[in-house]
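Starting from the structure of chain A, add chain B where the hints point.
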Amino acid sequence: MDGTTDQMRGKTMESTTLKPEKEDSGLAGVINKILDKGLVINADITVDVAGVELLGIKIRAALASFETAAKYGLDFPSGTNLNTAAWKEAMIEKEECPQCGKRVDREDLLTIACPWCGWESAKAKKMKERKVGAKVEVQ
Amino acid sequence: MVILRPEETGLKELLDRILDKGVAVDANVRVDLSGINLLRTKAHIILASFKTAEKISLDFPEGTNLNTAAWRDQITKQPCPVCGMESRQEDLKEEGCPWCGWNYRPDER
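So the protein sequences, as listed, match chains A and B. Quick note: the first sequence uses my numbering, first residue 1, plus one each step. Quick note: the second sequence uses my numbering, first residue 1, plus one each step.
Check before you lean on any hint, since a few could be wrong.
[Unchecked claim] With a cut-off of at most 30 Å between alpha-carbon atoms, the simulated DSBU-like pairs for lysine-lysine come out as follows:
#1 A/126 - A/94
#2 B/93 - A/94
#3 A/125 - B/77
#4 A/33 - B/55
#5 A/131 - B/93
#6 A/131 - B/77
#7 A/102 - B/51
#8 A/33 - A/58
#9 A/102 - B/55
#10 B/93 - A/102
Hints were generated in silico from the structure; no laboratory data involved.
Next up, chain A with everything else stripped away, as it sits in the complex:
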């Protein structure tokens, strides 16, 4: 147990064996990916019968998770209240933590650390170093 808590503190991150939860490459993973990335389906189809244009279909479809749809400003069905807390939350840019796979605020993840597993980015480390350096100088 002690070993894992040490790793969680971010000291021996290199040897960490924490793995993202979402490593499933099955159907769940595929659906996850599609909804996350969003899918655009555009189609123009015409059917002529004996020289007469009988049927014309024009499809402009976008398929995405709520979060992705909100981020890209897709139109929601009329009557949807876009002022709830969940929508505001969805508009904050999120990123998956490279270590534990949790989706967290991108800015926080980049400049502070992952609030779940403590993973620190190169930028956060540099900023921390600089802060420590400044403190030493003041002293």
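Same frame as chain A, now just chain B:
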């Protein structure tokens, strides 16, 4: 510390590739019966991820708000060659990757 890009295999990676590259189906079908043009079908279909769709400027459904932050970021963001995390292209070139530390040198400037 270097984080390697998670090794994705199988269906998920395949789908990722397909969506990133986009799929275009262009089909013309003609059915003639004893010299008479009976049926003709033309289909132009495109499937792509949002990011690719924006790059090749596909139509989005009517009512889509194209002024959100996600749209502005889309084209300028690039994945890091080492860890695959995305950052703004200029930042990646000038400062390096803020995620994994690849070429990261904000102090030198």
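Which earlier hints turn out false for this structure, listed by number in ascending order? none
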